[in-house]
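Chains as they are written, first to last, in my numbering: chain H, 1 to 166; chain R, 167 to 609.
Just so you know, the hints here were simulated from the structure itself, not pulled from any lab data.
Errors might be hidden in some of the hints.
Which residues of chain R face chain H? A few of them, derived with a C-beta cut under 10 Å, are [unchecked claim]:
| no. | residue |
| --- | --- |
| 1 | Ala200 |
| 2 | Pro202 |
| 3 | Val215 |
| 4 | Phe224 |
| 5 | Thr421 |
| 6 | Ser425 |
| 7 | Gly428 |
Coverage of chain R stretches by chain H, computed from C-beta distances (three or more under 8 Å per stretch; other residues unrestricted) [as the list claims (entries may be wrong)]:
| no. | region |
| --- | --- |
| 8 | 187–198 |
| 9 | 259–268 |
| 10 | 575–584 |
Using C-beta positions, here's what the derived DEER-type ranges look like [to be verified]:
| no. | chain 1 | residue 1 | chain 2 | residue 2 | range |
| --- | --- | --- | --- | --- | --- |
| 11 | R | Phe184 | H | Arg84 | 42 to 50 Å |
| 12 | H | Thr47 | R | Phe204 | 27 to 35 Å |
| 13 | H | Ile138 | R | Pro281 | 32 to 40 Å |
| 14 | R | Leu251 | H | Tyr42 | 33 to 41 Å |
| 15 | H | Trp25 | R | Pro440 | 52 to 60 Å |
| 16 | H | Leu123 | R | Ala442 | 36 to 44 Å |
| 17 | R | Phe184 | H | Trp25 | 17 to 25 Å |
| 18 | R | Glu539 | H | Ile74 | 54 to 62 Å |
Fair warning: this is a prediction, and the values are worked out from it, not measured in the lab.
Glycine included, each C-beta is placed from N, C-alpha and C at the ideal position.
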Amino acid sequence: MTATASRPSSRRSSKRSPTTAIQRWRIGLIVLGVAILLLSGYILLTTVKPTRYIGIVEWFIAAIIIHDALIAPIVFGAGVIVRRMGRRIPLAVLAIVQGGLVIGAVFTIVLVPEILAQRYAHLFETLLPFDYVKNLGILWVGTLVLTAAAVVGYLLVTRVRRARRG
Amino acid sequence: MAVVLGRLLGSAFLICFFTGLYSHFIQDPEPWMAFPTFIPNLYAITQGVHIAAGIACFPLILGKLYTIYPRLFVYPPITGFVNLLERASIALFVAASLVEITIGMINTADWYPFPFPFRQTHFALSFVIIGSLAIHIGVKLPIITRYWTKKHSYDADGVLIPPDDDEEPGIDRDSVVPEHGEVPATLPAPVRAAAEAARGLTGRILAWIDATPNSLVAKPRELPAVGMTPPPTPAPDAPVIARAARTSRRGFLVTIFASLAGVVAFWSGQSFKPLAPLNLIAPRAQGDGPNDLPINRTSEMAKITADMVGENYRLVIKRGDQVATFTYAQLLAMPQQIVQLPIACVNGWSQTATWKGIQLNTLMDEVGRKPGEAIMLTSLEVRGNYRVTTMGPEFVENDLSLVALHLNGKVLDIEHGYPARMIAPARPGVLQTKWLSTLEVTT
Chain H
1 MTATASRPSS
11 RRSSKRSPTT
21 AIQRWRIGLI
31 VLGVAILLLS
41 GYILLTTVKP
51 TRYIGIVEWF
61 IAAIIIHDAL
71 IAPIVFGAGV
81 IVRRMGRRIP
91 LAVLAIVQGG
101 LVIGAVFTIV
111 LVPEILAQRY
121 AHLFETLLPF
131 DYVKNLGILW
141 VGTLVLTAAA
151 VVGYLLVTRV
161 RRARRG
Chain R
167 MAVVLGRLLG
177 SAFLICFFTG
187 LYSHFIQDPE
197 PWMAFPTFIP
207 NLYAITQGVH
217 IAAGIACFPL
227 ILGKLYTIYP
237 RLFVYPPITG
247 FVNLLERASI
257 ALFVAASLVE
267 ITIGMINTAD
277 WYPFPFPFRQ
287 THFALSFVII
297 GSLAIHIGVK
307 LPIITRYWTK
317 KHSYDADGVL
327 IPPDDDEEPG
337 IDRDSVVPEH
347 GEVPATLPAP
357 VRAAAEAARG
367 LTGRILAWID
377 ATPNSLVAKP
387 RELPAVGMTP
397 PPTPAPDAPV
407 IARAARTSRR
417 GFLVTIFASL
427 AGVVAFWSGQ
437 SFKPLAPLNL
447 IAPRAQGDGP
457 NDLPINRTSE
467 MAKITADMVG
477 ENYRLVIKRG
487 DQVATFTYAQ
497 LLAMPQQIVQ
507 LPIACVNGWS
517 QTATWKGIQL
527 NTLMDEVGRK
537 PGEAIMLTSL
547 EVRGNYRVTT
557 MGPEFVENDL
567 SLVALHLNGK
577 VLDIEHGYPA
587 RMIAPARPGV
597 LQTKWLSTLE
607 VTT
């Protein structure tokens, strides 16, 4: 009787234990996170003048707007256009083309601050030694060439495979 | 995919955080702190990794945000107080992360167009990010553990397995499988799953993008003859849909990793010699500058005049009442050592160079240096954050630490600190004091 009664309970506990462990980790992580956030507030209060906080908030808002209202919709819109316009083009080819465009865009994002810095920052010897506009062009051309090569490679491979299948 | 990118991004954030802490405390050490010197390139490695991981965050965070973008438009936007806090913490997390990596990247170009102090803000925001990251992982832990491995994430057809209430009661099902209402039950299971996973306007558009009819429908092998009625378009079957989803998924991940590899490869040549020929986008180039080495602060910025480093130049060594003064000629006449050490800048660039000069511990012996003593270094520069710095005994006693007079086989250029500068292993460039004026024992 005792053995029968204990069986479901042990089964229940063994089933519940991973969840309990996860719950403990969740609580621990959230408490740790809140503590670190409080520490970050203390660091900010003790090292940055309050008159500068508004500048930080402005940059936060600008970052959200630039990403959520500019970058993401553009990427999203480009995805819609490429995918839906390219109805007669294989999906893999569309994915490769999209990939090439995104890689070029990431290079652009990384290089734009340097291009602006060359114009607006106080430059001195050995700082920003390259022509970054030209190098961005080289990277775009390289990306487009590799993208085209990948598309051609994919089409050749699929054609050979189809031919083998008969 | 959100889990795959999330753990990479989380790892990059942690790498940046710990290497950043190391850089912060080696520049502003607590009195009890000592730093390892047994790897001369240690700071070049930690700071090079810090910058490379920070640059890698760009494709990772953009990819991660793309995968969760539809969640921005869930309706209703707020379902309760806890949900409000969660969404607010995500907004803080995303904003802090974007600002942190952006100002970090701008700073590598020695440009400060910020309405706030860079270093203090960069330091404080790193704690905001790590705190928000811990909260985010805590909130999403059931989903993270559920989708940690590919094997347990997709079924035999390659379709994402929704979480099971019995198996994972803690999962916020809304973030994986939203409400069903508008998904027709007659659709094949994989289509239904894909449509169900699409929540909100953008989520549905995402599913619509992936459901390009031409790619999902098996094409008839032969086109019908002119005048014949084309056969009805066959409905997509599960393997075809799964294959399309797999292609989209793979294309997305390959894109993220290729852009990550690209920016890191074309950037890291400023600190990693094998990649120097690929350096197209870094703010510095190895071998570029006086004595074939880049500089970070010019003599003009430091207001060093010819008179200050001319015949009147003296290097003063002090320990209490004991004072020794050296002219440049006297320094040149002392025994010289040659070492290979890097200049490793806080901005991430680094380059190993050949230095020749007087061993620091030998020089400090002239005023009766004792083991365990730290020193204070003062530069001739009129003002600057690093005009006066301290150096712990672990650096003073290291045989590689020199008061350098020559660099790469030539007399030290004034831009590199002529007449004499400090060079020590595993130390940031800002602490390798140029235009040395005084070395004074402090403890």
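A quick look at each hint next to the structure:
1. Ala200: 23 Å, violated
2. Pro202: Because about 25 Å separates proline 202 of chain R from the closest Cβ in chain H, which is outside the 10 Å limit, the hint is violated.
3. Val215: With a closest approach of 17 Å, the valine 215 of chain R hint is violated.
4. Phe224: This hint holds: phenylalanine 224 of chain R lies near chain H, its Cβ roughly 6 Å from the closest one there, short of 10 Å.
5. Thr421: 4 Å, holds
6. Ser425: Because about 4 Å separates serine 425 of chain R from the closest Cβ in chain H, which is inside the 10 Å limit, the hint holds.
7. Gly428: 6 Å, holds
8. 187–198: violated (count 0)
9. 259–268: holds (count 6)
10. 575–584: violated (count 1)
11. R:Phe184 <-> H:Arg84: 42 to 50 Å: Because 45 Å falls inside the window, the suggested range holds.
12. H:Thr47 <-> R:Phe204: 27 to 35 Å: 32 Å, holds
13. H:Ile138 <-> R:Pro281: 32 to 40 Å: Distance hint for isoleucine 138 of chain H, proline 281 of chain R holds at roughly 34 Å.
14. R:Leu251 <-> H:Tyr42: 33 to 41 Å: Between leucine 251 of chain R and tyrosine 42 of chain H, where Cβ atoms are some 20 Å apart, the hint is violated.
15. H:Trp25 <-> R:Pro440: 52 to 60 Å: Since tryptophan 25 of chain H and proline 440 of chain R have Cβ atoms about 41 Å apart, the given range 52 to 60 Å is violated.
16. H:Leu123 <-> R:Ala442: 36 to 44 Å: 22 Å, violated
17. R:Phe184 <-> H:Trp25: 17 to 25 Å: 21 Å, holds
18. R:Glu539 <-> H:Ile74: 54 to 62 Å: Given range 54 to 62 Å: holds, Cβ gap about 60 Å.
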